[in-house]
Each structure stands twice: as C-alpha cells, then as structure tokens.
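Here the protein sequences come in this chain order: A and B. The numbers in the numbering used here rise by one with no breaks, and the one at position 7 of the first sequence is 7. The numbers in the numbering used here rise by one with no breaks, and the one at position 290 of the second sequence is 290.
If you are wondering where the hints come from, they were derived from the structure by calculation, not from laboratory data. The reader is advised that the hints may include incorrect statements.
[As the list claims (entries may be wrong)] One-sided excerpt, in silico: chain A residues whose CB lies under 10 Å from chain B:
1) Val6
2) Ser9
3) His12
4) Val13
5) Pro16
6) Ser17
7) Pro21
8) Leu36
[Said to hold, decoys possible] Here are the simulated SDA-like cross-link-like pairs (lysine to any residue), alpha carbons at most 25 Å apart as the crow flies:
9) B:Lys198 to A:Pro70
10) A:Lys31 to A:Ser62
11) B:Lys142 to A:Pro21
12) B:Lys142 to A:Ser45
13) B:Lys305 to A:Pro15
14) B:Lys198 to A:Pro15
15) A:Lys48 to B:Lys230
16) A:Lys40 to B:Lys142
17) B:Lys21 to B:Pro138
18) A:Lys40 to B:Leu209
19) A:Lys48 to B:Leu157
20) B:Lys161 to A:Glu58
21) A:Lys40 to B:Pro138
22) B:Lys230 to B:Pro138
23) A:Lys40 to A:Tyr18
24) B:Lys178 to B:Glu139
25) B:Lys79 to B:Asp25
26) B:Lys305 to A:Gly32
27) B:Lys274 to B:Leu157
All residues carry an ideal CB built from backbone N, CA and C; glycine is no exception.
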Amino acid sequence: MKVRLVAYSIIHVAPPSYQTPYGVGMVEDEKGERSLVRIKPDYLSVLKTGLEGEIRKEPAESEELNFFYPK
Amino acid sequence: MLGCETITVGIVAYSHTKYGKLVEDIPTLLRNTIEGAISNVERGIDPSEIDLLVISNVDNQFSNQHQIGTVALRYLGNKNAEAFRVEAACASGGMATYVAKQMIESGIGRNALVVGVEKMTNLPTGVTTSILVRGGAPEEIKYGITQPAAYAFSAQLYMEKYGATDDDYAMGAVKNHKNAMKNPWAQFHKEFTVEAVKNSTLIASPIRLLHCSPITDGAAAILLSRDPKKYTDTPVYIRGMGVGYDTMGVFEREDPTFIEATRTAAEKAYKAAKIEPKQVQIAEVHDAFSPAEIMAYEALGFAKKGEGYKLLREGRTNADGDLPVNVSGGLKAKGHPIGATGVGMLIEVYLQLRGEAGERQISNVERGLIENHGGTGATAVVTVLGR
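Modelling step: build the complete structure from the supplied sequences, incorporating the hints.
Next up, the structure:
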C-alpha cells in the first residue's frame, strides 16, 4: 500500500523489550486514512515529513506490525 | 441527601509534600497528607464532617496497592466516609477534584478530601516508561510509541505548520526551571539555558530530555466544602470547572497540533465562571512535555491557533509578564507525580489567590486557571478558581 509520512519520531528511550533506536510514524494513504507504522533503523537517516513509501506487514516484538519502507 | 440548592464549592485547606525522590511509602504519604490537610483547617474540622475521600492515583503497579481508597480511609478517622480512587492518567488529580465537586453539589456529601498520590521512583526507568505508555491509545501501545513520541508527532507538526522553533520549545523549559527556583516543593532547583535544553539527550525526536517532566514521588491534598466560610475566613472558590475529551491517539485527531479536549473543558469552565480567557490573571498548565505548554495557551484562548509560542518569545508568560504561567515551576521543574499533579496545580493557584505563595507570589491575583490533561490530551480538566 502506498502512503505518505505525515509525522515521525526516532525513539531513543523505550521500555526494556524494545531495541533502540527505532522509528515510529504516522502515515496517510491515498484516501487520507491515517495509521501508525514502525520504521527500521536502516531508514532513520532519510526520514522527512512528506516522504512517500509503502507499508509491509512484518513480525515485531510480539505480533505483526506495519513497517514503513521509503520509496 | 442534602438539598440541591445552588452552592459554590470552596477549597478550605490543603497539604503538599515535597516532590522528588521520597523515602515514604504510599501508606505513609497518604497518612501524612490526610492528617496534614485536616490539621490545616483554620477553624478546625471533625473527621466525621468529611463525607468523601477521593483518591487520585494512576497506576497500582507504582503503588503496589489495590483498594487505595479504603487504605486511605484508615487515616481519615471517619469510617463512615465514602472512599474511592479516580484515574484519568495525568488528568487524575483534576478529575478526582471534579468528581468530588460534583458529588458535593449533588448533595451526596458536605466536605470532600481529595488526595493525589504517586510513588514512581522505586522502579527502574524502563519499567516506569512501559507503565506510562499505557496512557496512550491501544494502537500507540502496540507500535511502541512512548508518551514523548506521541507528543513528538504533535511537536513536529506544530513546528512545520506554524514556524515554531527548537528555541521556542526550549524557552518553556527554561522559564519553568527559573520559576521552580522559588518553590521549596520543586523537584529541581537548577536553571538551564536555551542552548542546554537544545543540546540535551534526545528521547524521542524532536523531544529532548530537558523538554520532559521528570519521574517523581509526591502527594497533595485539598479539602473541598459546600460551606467554606464555616472553616476559613479566606476560602478559594471553584468558580468554574469543565472536562473535555478527544481521541486517545494523536494520529486519530483532525488537528494533532491542537488540544481539543482542553478547548472543550475550558469553554465549560469559562462559561460557568462567567469570564473570558483575557480575564485569567495566572495559570498552571500541563507541561508534561514543553511543547504542550504552547499548545495549551492556544486551547485555553490565551493565544490564537499557531501563535502560542509568541507568548513565550515576548516574555508574557514569565513570572513578571502579564499572564504568568507555571509560576510553580510546572510539571517540568516542580515535578510530575502523576496522580498528585493535578491536585498540586490547584494548590499553587489556591496559594496565589490567598497571597501565601511566598517568594513566588504574584501580586493582586483574584482569578486563576488550572489546565490538567491526561495522555497526550485525550482527557482534560480545566478549573477557574477565584477569591
């Protein structure tokens, strides 16, 4: 699914079960629907608001989450 | 049941611990605060006159205690009182006060003791962070979005939309640390420069350590009465109070840069108090993270949307400005023992109105406002106090 990154944050302090740093974001799809995403450390240096990308569902700490991949 | 004639509930006494890392456990904090408030009633009160004991306490993983209302009851000296806990995350103190006031106005009780208490420093920071995450939406919790990260979304969007800068967010922290220097209850007595705030450790970009309120122990209590003059010559009256709500998640909000719950609560409080925002002389607002103070200015009507940061730039909300905000040091520097916070904020304005705020006293205060919000602004309580 194609989405646009509306806002994001790189988290450096988190509960013990998380490996920092990791990214989280708020994305908007083509219909204007907003949802949350996780962002892998590989992409943290390229993040900016408005960045386009796609969502892939992948395993995370305890369940599958939507991950954002920049285009 | 008592009669339902129109009454104005007043605050007639208080008790407040120091904020910070305290050695006392929860039962001791409850006992000291309850006994302290009762002993501070100028004309005295018999515990049998206190019908309600409302406890604001956010998380029982912090307190390690269920039925905290009943635990507190043992220290009141009136086993016939009704005691219970109220929880609305960081807005718990305001909400507990709101519930107590409504119950008094409904004729359920004559006097209500509202006690806020939290013991947060006894757990490792990571565990505390995982408890505080619970103040967010279920989806935010699932994605590992900590409280500072949820505020970070709002803070980032606000900067992009309105042109606020890192300097503006830092200025709120600098102001509140300066104010806390005059507050003996404050957790921190240390000033910082704008540069120090901007260079502090990143927690959840763009939120840095020195934008964040701390992990704090503390307790505070206020005694509300339907007959305030019976207990003191100088009560402080609750002139207006309102609650408001928004979506739990920042991502669900039409405008993530605006605290709609606070706007709703403020509208109700202003209407009840029959005042406009420009008539507020002093305010304590919920600066859990420094950008939130700016957003609160706008939601409370102190500034237009997108112009809140200008109040800080112009020094208008400094202690010597025309609308002093967070003279206590705010959550940022006074501290944020979450269950106690809202009650402690009310006490600051109560003291200012009575002319008893010591070195931080603002002259001639007749009307003050308290904004206490929970989560990232999903629940808000706004109170107008007056002499």
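Evaluation of the provided hints:
Taking 10 Å as the C-beta contact cut-off toward chain B, the hint placing valine 6 of chain A at the interface holds, the least distance being around 7 Å. The restraint placing serine 9 of chain A at the interface with chain B holds, with a minimum CB-CB distance near 4 Å, inside the 10 Å limit. Given the 10 Å rule on beta carbons, the hint for histidine 12 of chain A holds: about 5 Å separates it from the nearest Cβ of chain B. Below 10 Å, beta-carbon pairs count as interface contacts, and valine 13 of chain A has one with chain B at about 5 Å; its hint therefore holds.
The beta carbon of proline 16 of chain A comes within 4 Å of a beta carbon in chain B, closer than 10 Å, and the hint placing it at the interface holds. A hinted interface residue such as serine 17 of chain A counts as satisfied when its beta carbon comes closer than 10 Å to some beta carbon of chain B; here the least separation is about 8 Å, so the hint holds. Using the Cβ-Cβ criterion of 10 Å, the hint placing proline 21 of chain A at the interface with chain B is satisfied: the shortest such distance is roughly 9 Å. Annotation: interface hint on leucine 36 of chain A holds; nearest CB of chain B at approximately 5 Å, less than 10 Å.
At roughly 28 Å between alpha-carbon atoms, lysine 198 of chain B and proline 70 of chain A are farther apart than 25 Å, so this suggested pair is violated. Annotation: proposed proximity of lysine 31 of chain A to serine 62 of chain A is violated, straight-line Cα distance about 29 Å (limit 25 Å). Proposed proximity of lysine 142 of chain B and proline 21 of chain A is supported: the alpha carbons are some 17 Å apart, at most 25 Å. In summary, the hint linking lysine 142 of chain B to serine 45 of chain A is supported, as the alpha carbons are separated by about 24 Å, within the 25 Å threshold.
Taking the CA atoms of lysine 305 of chain B and proline 15 of chain A, the gap is about 34 Å. The hint is violated against a cut of 25 Å. The straight-line distance between the Cα atoms of lysine 198 of chain B and proline 15 of chain A is roughly 24 Å, inside the 25 Å bound, and the hint therefore holds. For the hint linking lysine 48 of chain A to lysine 230 of chain B, the alpha-carbon distance of about 61 Å lies beyond 25 Å, and the restraint is violated. With a C-alpha separation of about 16 Å, the suggested pair lysine 40 of chain A and lysine 142 of chain B falls inside the 25 Å cut-off, and the hint holds.
Between lysine 21 of chain B and proline 138 of chain B the CA atoms are separated by roughly 30 Å; this puts the pair beyond 25 Å, and the hint is violated. For the suggested pair lysine 40 of chain A and leucine 209 of chain B, the alpha carbons sit about 23 Å apart, so the restraint of at most 25 Å is met. For the hint linking lysine 48 of chain A to leucine 157 of chain B, the alpha-carbon distance of about 11 Å falls within 25 Å, and the restraint holds. Note on lysine 161 of chain B and glutamate 58 of chain A: the hinted pairing is violated, with a Cα-Cα distance of about 32 Å set against a maximum of 25 Å.
For the proposed pair lysine 40 of chain A and proline 138 of chain B, the alpha carbon gap of about 21 Å is at most 25 Å, so the pair holds. For the given pair, lysine 230 of chain B sits about 47 Å from proline 138 of chain B by alpha-carbon distance, which is inconsistent with the 25 Å threshold. Of the pairs offered as hints, the one joining lysine 40 of chain A and tyrosine 18 of chain A holds, with about 12 Å between alpha carbons and a cut-off of 25 Å not exceeded. Distance check on the hinted pair: lysine 178 of chain B and glutamate 139 of chain B sit about 37 Å apart at the alpha-carbon level, beyond 25 Å; violated.
Taking the CA atoms of lysine 79 of chain B and aspartate 25 of chain B, the gap is near 22 Å; set against the 25 Å cutoff, the hint holds. Under the criterion of a C-alpha separation no larger than 25 Å, the hint pairing lysine 305 of chain B with glycine 32 of chain A is consistent with the structure, at around 23 Å. A C-alpha spacing of about 34 Å is found between lysine 274 of chain B and leucine 157 of chain B, which places the hinted pair above 25 Å, so the restraint is violated.
Taken one by one, the earlier hints fail for this structure at numbers 9, 10, 13, 15, 17, 20, 22, 24 and 27, listed in ascending order.
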